[in-house]
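Asks: What follows is each chain in one-letter form.
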Amino acid sequence: MSRYQIDASDLPFAREFLASPIGYHSPGLQRVLNRMRGADWAFKYVLVVEERHARWRLGRLPARRGSAVEIVEGVVYTDLLEAERDIFRRRWRDLTGQDLDIALNSAA
Amino acid sequence: MLPIVAYTDKLTVAAGETLSVMASSFGARQYRADLRRIIQGDTNPEGPGYRDEAVALDLGGSRPAVAKGFYPGSCVIVPGRGMLADLEDFTLAAAVRPTLLGERERTVMALPGFARIGIEADGRVFAEALGRRLVSGGRIATGTWHVLSLTYSAAQERLSLAVSTDDDAASEDVRPRIVTAEAAPAGYGADEVLIAATRGADGRPAGFFDGKIDRPALFDAAIPHDALRRLLADFAQLSRMRSLRAAWDFSQRMTTQTICDISPFQLHGRIHNAPARAMTGWLWKGQELDWKKRPDLYSAIHFHATDVYDTGWEVDFTFTLPDELKSGVYAVRLVPDGNEDTAYYCVFALRPPRDRPSGNTVAFLFPTCSYLAYANHRLGMDVPGTEIGMGRAVELDRHHMFLQANPGIGLSVYEVHDDESGVFHSSRLRPIVDLQPKVKSFLGGFGSNVWQFNADTHILGWLDAIGQDYDVITDEDLHAEGMRLLGRYRVVITGTHPEYHTRNMIEALQGFTDRGGRLMYLGGNGFYWVVSFNDDMPGIMECRRSEAGIRPWEPGHGQFYHAFTGEYGGLWRRNGRPPNHLCGVGMTSQGFDVCEPYVLSPAARDARAAFVFEGLTPGAKIGDFGLAGGGAAGLEVDRADPAQGTPAHALVLASSTRHTDIYLMTPEDLLDPTPDWSGTQADIIRADLTFFETAGGGAVFSTGSIAWAGSMAWNGYDNEIARITRNVLRRFDDPEAFRMPEAGEEG
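Respectively, the protein sequence lines represent chains A and B. In terms of UniProt numbering, the first sequence opens at residue 1 and continues consecutively. In terms of UniProt numbering, the second sequence opens at residue 1 and continues consecutively.
These aren't lab readings, by the way, just hints derived from the structure by calculation. Built from N, CA and C at the ideal position, the CB exists for glycine as well.
Beyond 10 Å from chain A on every Cβ pair, some chain B residues (computed):
#1 Glu53
#2 Ala121
#3 Arg139
#4 Ile140
#5 Asn504
#6 Leu671
Now the stretches of chain B that chain A is said to cover, found in silico as 3 or more residues with beta-carbon under 8 Å:
#7 37-46
#8 382-393
#9 396-404
#10 438-446
Input sequences plus hints: build the corresponding full structure.
Replies: In structure tokens form, the structure reads like this:
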């Protein structure tokens, strides 16, 4: 179980991520990402390649080896950075119960 | 997913020799096969483009695609040879240390059709014989040794199941739990003994055990449990017992598939699907850590329901490689139901002739040991932290979806078994679905995201683009032929990540550079782990990750020595062959998000290295581009370090000067963890572009970065990284001896 819990004080890091999802991150954002991407999960969002370098579907990978990957219906990405942003928003909702965009707007 | 998958009986073959193809349908109805030469496998639209080349060779027409399936699980099979047919009174016994219980019944020992001992899903021991089933009252635990016995006395018409549990701290004798039942004598036996499995309805081994079993034995008398415990602890006495029908001492012939019976009946058997041997046994209490010195303490085998050695599919077809075909990387392509998009590629190396040099002076060392180590790896699926290391979401390509649906294909040495113990073995006698062109990976960085074989095709494509003649030799060839093979060449080029080496291989490469050979190490984290082959089991490799190194598991206390050879497992750095000595650099860090350029050092202007930059007017940085993470330095990076064996005269021509904080230290260097050992803070986290001459007139050029080849392939191989690599190859292929710098001349 991860000790770090994401809350509203992490909203600046969410903004940082949405601006630049891949590459150098501040230590605060890296901690948020470690929480989102680490071992504490019952399933994991994954990108199921439909067409290499062009088209991905969102999947949920169960922790158990050999269990089926669940495809999230209706979610298709054609850009990896947009996929990262969408997965970040979904995890924010999963971990805080809040809609990230609403939280960002109300914090602005 | 993958409608058809297949494997070949070899990964290296010479012209004029045969290759067999074993295929199985996973939805395909039929398929056609052809032969392709693989030139460049990365499909990234920003790269040079996928290229292969058809070889005009008729591999037959359409064939039916037959479903064959996977059958993992290890055990011991002992033919009865008529010695199991007259058992009236009997005792079956073994010491067991289960490592996984639950969900299903597991068999410890079976005489199929006659008697069986096992553990139920809820942890209770059961036994079956003479039409009765006994179930022990208590549940046994994982991680503890237990002695199980099933006895039958015909005179008393009594069947007894006894379970005793070891307690190291107890002063009293252990007390067995015993359940009994009346049973009329049946007077018959069995044709075979299976240990760690029984026979399923289809005749295959089934009901596999996960855990250790030690000294299973069979008697033609009913032996009380207390006496049995004393006897099992003393093989010398046990072997003299008149009632002994068989007792298997797993500590004998541990490097082979043979299982030895110490009874006079010599009911020897064989292992099935390569369980782990040379494992600490019932009597091991830390007395010795090297099984070669006290093999008697290493009398356990660790069995897993997930072990795989030889998938054993029937051969679909066999063909002969044409004599005129040049050495290279090829694939038998299987196109299912006319759909080329779902074709499966069985990749192999066509090596040069065995009996004579081809005339080529350049060899590409096709790193089959590293391909085997990663074969069918599931890092992005089984290891949650992989996403942190990637710095972005895991991509699951079609072959990953196939792996997720078919774990029975067998694991790589990056996985743990279902009982969380490390996977020591990886075999090529099964489909290796990530040893294919086109496939994406987990660790290849933002961009192409290709790894191992497919990343190595950036080098193959470059060799093709510059018109270089070359031979392809594999790790297996190097292991078998050593310097006899390398001596044919002036230059050996490695792949992007030649991480795993046998002693024969690493000694041959060192012998090569010492004797004037030139080594171009175009990768990162090379020459890192010790691996071993097994003379009795072709095609399988062992790796025990002892002590240090970035590793997904440890081999367990007292189990650091390889069973296949007795070698100490772990890092070559701890075995007297540090990579820095061979190639000037050694593993220092890894991160799989983005990569960086190298910054040139003053040594880049040294006259000794002038040939490297010939025709270039490089700026302060080189390689600020690439298909792997956008830079030439990254993914896994190596540093020069005299303390680890980098020659004093080595020139570090350029280094990466920062990485993201996903890049951290290796455990072997991180002796005292503090939070400053990360890519934006620690100078030690860098790739060092390194060159040095050897006393024998040879030379070594090392990139210390997996991402280097991804930059070579940038802009259609027309860039400064490709040019530098070509400059080095041209000079290295020149027979003029390199000269060691005089004292004071060192950069």
